[in-house]
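*Asks:* Using the hints provided, position chain Z relative to the given structure of chain W.
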Amino acid sequence: MATEAAPARAARLVPDLRRRHRNERIIGGVLVLCSAVSILTTVGIVAVLLYESAAFFRHVPVLEFLTGRKWTPMFIDQSFGVLPLLTGSLLIAAGAALVALPLGLAAAIYLSEYAKENVRRVLKPVLEILAGIPTVVYGFFALTFVTPIIRTIWPQTDVYNALSASIVMGIMIIPMVSSLSEDAMSAVPRSLREGAYALGATKFEVATRTVLPAALSGVIASFILAVSRAIGETMIVTIAAGGQANLTLNPLRSVQTMTAYIAQTATGELAHGSIEYQTIFAVGLTLFGITLIMNIISIAVLRRFREVYE
Amino acid sequence: MIRPRAGQPLQGVPPVSPAPAVGGGGPEPHPAVQRDPSRFSARLRRRSAAGVVFHVVCLLSTLVGVVVLVVLLVDVVATGGGRLSWEFLNGFPSRFAARAGLKPAIVGSIWTLALTGIIAFPLGVGTAVWLEEYAPASRLKTIVETNISNLAGVPSIVYGMLGLAVFVRYLALGRSILAGALTLALLVLPVIIIASQEAIKAVPGSIRLGAYALGATKWEVIRHHVFPLALPGILTGTILALSRAIGEAAPLIVVGALAFVPFVPTSPTDPFTVIPIQIYNWVSRPQAEFQELAAAASIVLLVLLLSLNAAAILLRNRYSRRN
Numbered sequence: 000m001a002t003e004a005a006p007a008r009a010a011r012l013v014p015d016l017r018r019r020h021r022n023e024r025i026i027g028g029v030l031v032l033c034s035a036v037s038i039l040t041t042v043g044i045v046a047v048l049l050y051e052s053a054a055f056f057r058h059v060p061v062l063e064f065l066t067g068r069k070w071t072p073m074f075i076d077q078s079f080g081v082l083p084l085l086t087g088s089l090l091i092a093a094g095a096a097l098v099a100l101p102l103g104l105a106a107a108i109y110l111s112e113y114a115k116e117n118v119r120r121v122l123k124p125v126l127e128i129l130a131g132i133p134t135v136v137y138g139f140f141a142l143t144f145v146t147p148i149i150r151t152i153w154p155q156t157d158v159y160n161a162l163s164a165s166i167v168m169g170i171m172i173i174p175m176v177s178s179l180s181e182d183a184m185s186a187v188p189r190s191l192r193e194g195a196y197a198l199g200a201t202k203f204e205v206a207t208r209t210v211l212p213a214a215l216s217g218v219i220a221s222f223i224l225a226v227s228r229a230i231g232e233t234m235i236v237t238i239a240a241g242g243q244a245n246l247t248l249n250p251l252r253s254v255q256t257m258t259a260y261i262a263q264t265a266t267g268e269l270a271h272g273s274i275e276y277q278t279i280f281a282v283g284l285t286l287f288g289i290t291l292i293m294n295i296i297s298i299a300v301l302r303r304f305r306e307v308y309e
Numbered sequence: 000m001i002r003p004r005a006g007q008p009l010q011g012v013p014p015v016s017p018a019p020a021v022g023g024g025g026p027e028p029h030p031a032v033q034r035d036p037s038r039f040s041a042r043l044r045r046r047s048a049a050g051v052v053f054h055v056v057c058l059l060s061t062l063v064g065v066v067v068l069v070v071l072l073v074d075v076v077a078t079g080g081g082r083l084s085w086e087f088l089n090g091f092p093s094r095f096a097a098r099a100g101l102k103p104a105i106v107g108s109i110w111t112l113a114l115t116g117i118i119a120f121p122l123g124v125g126t127a128v129w130l131e132e133y134a135p136a137s138r139l140k141t142i143v144e145t146n147i148s149n150l151a152g153v154p155s156i157v158y159g160m161l162g163l164a165v166f167v168r169y170l171a172l173g174r175s176i177l178a179g180a181l182t183l184a185l186l187v188l189p190v191i192i193i194a195s196q197e198a199i200k201a202v203p204g205s206i207r208l209g210a211y212a213l214g215a216t217k218w219e220v221i222r223h224h225v226f227p228l229a230l231p232g233i234l235t236g237t238i239l240a241l242s243r244a245i246g247e248a249a250p251l252i253v254v255g256a257l258a259f260v261p262f263v264p265t266s267p268t269d270p271f272t273v274i275p276i277q278i279y280n281w282v283s284r285p286q287a288e289f290q291e292l293a294a295a296a297s298i299v300l301l302v303l304l305l306s307l308n309a310a311a312i313l314l315r316n317r318y319s320r321r322n
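Going down the list, the protein sequences come from chains W and Z. Quick note on numbering that gives the first Met the number 0: the first sequence kicks off at 0 and runs consecutively. Quick note on numbering that gives the first Met the number 0: the second sequence kicks off at 0 and runs consecutively.
Hints are not guaranteed to be accurate.
[What the hints assert, rightly or not] Counterexamples of contact, computed for chain W against chain Z with all Cβ distances above 12 Å:
id, residue
1, I149
2, Q243
3, R303
[As the list claims (entries may be wrong)] Stretches of chain W that chain Z covers, calculated by requiring three or more beta carbons in the stretch to come under 8 Å of a beta carbon on chain Z:
id, segment
4, 9–23
5, 32–38
6, 71–78
7, 165–174
8, 183–196
9, 221–234
10, 280–287
It is worth saying that the hints were derived from the structure and are not from the lab. Where is the CB? At the ideal position from N, CA and C, for every residue including glycine.
Chain W with its partners taken away, still in its complex shape:
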């Protein structure tokens, strides 16, 4: 190289540079295409749900779907009222929230305000394992461990019941509440805590009256996300809550959620284009709409009410 004449080197550099710059343009294009996949996924979901639902709503008026109190698409006497499924989903999500919100919030306060660093380093990942256990395993646990316990307390309980699924799902979403809330609390500046201590507040008062209000947006966002996750969860309810679309608020009865209906219906050989095939998309659209709205609200809450310090 050292003996090569300068013009010769330059002559080689120019096509080399040209090649490198052409590569740049290709790479840039490829990367844009990669990013387009995530947009296309959203477009695809919305398009598929709307397209198949539109076919469904040609047979069943939207109003009948939204206000009907009977869901029997597989019977000869077909009814397409989504209320039993909706109530089932909300009943179980509410039960899960009753378990997860207090426990998760208390755990977040403990981890953020009370736990020593070495305790926190162990407890936090252990709690997060709960979110990583496959949901079929939770379903197994709900059906074979929790349900028998419930049935010894209340013998009239159905084998498949909402309560068991609620409790287990509540346990599953504890880490969603505790991790996000703890992050929000840890982000509250030390000076706020010290100010409260200087005014004579106890640790309890600092945690509940200074840190918690300051972290409230994060805590509420975590609540909404956790409940949205509970509404969208499938396997626990499919295994433990049953397949009867009962319109009931009794947690000891068997209920069918929107997700369980989709999973239980889609397992069979569904004829493409049949009304049964279209029902899963109409139910899926309802499910998608509800969870999307909740996710948007939680993101908005985080942005809108974030306390900005410093």
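*Replies:* For chain Z alone, kept in the frame of chain W given last:
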């Protein structure tokens, strides 16, 4: 809050209260002077007692999750441990619990997982690189990022319906491993993108500037300098995303993974089942023997998950030690 308020009446007291004190000698000082210290300390005791109770309640709440986790693991191992055997791992499903095995599901899970990784990894990393290194701070970038965080919250079964309509029907892939893997790849894509973005953000800007100063083009900077440094973080995120994919049953049920597969899949276009769906199938049967099989399959699934997570933790530790 309490002290200054208690102090204020004290300052206002002298003109009034000394007079009776001089006159009678007997009457007590102003009530505020006498009562406040004892009320204050009683209240303080109450406040610190509330603090202790609250501390214990919070600790117990944290432990509920830990205890349930232990109970769940013990229950699964106690129920299924006895069913674990070479015959179980190497056998095919059967109507008879004693002869039933998990082999097609294990092979199906590995196929699905590998394909999911192969599809999702380049797409996820490519998107992250574009967002972090290429995209100008524009509306488009905001839209893509908001879209990704919304996708992360879409229920997994909805992805299954997308897969059913697009991959199984429209692209006519049928109820195959490939259709399942494509569906799962879209499902875990947001996780990989977000983890990769974090890893790329953590690469110091000085490294990029140094490479640019030596005449490297943008892609060369990313390929030779940013990417190697971000790789451990990206791989950790990818493994965690795959550990989510391996436990998913709902989207694959909709896409059409079968419950009864008496053969080992050998190509991406074969019909298939995965471990979670086999567990679902067994747990749905009333006989106790099948519940035990479900527990045994759960142990296999949890061991696979554990190994994936251990790999992720090892990677992360090696990474943080080097920094």
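*Asks:* Hints broken by the structure, by number, lowest first?
*Replies:* Failing hints, ascending: 6, 8.
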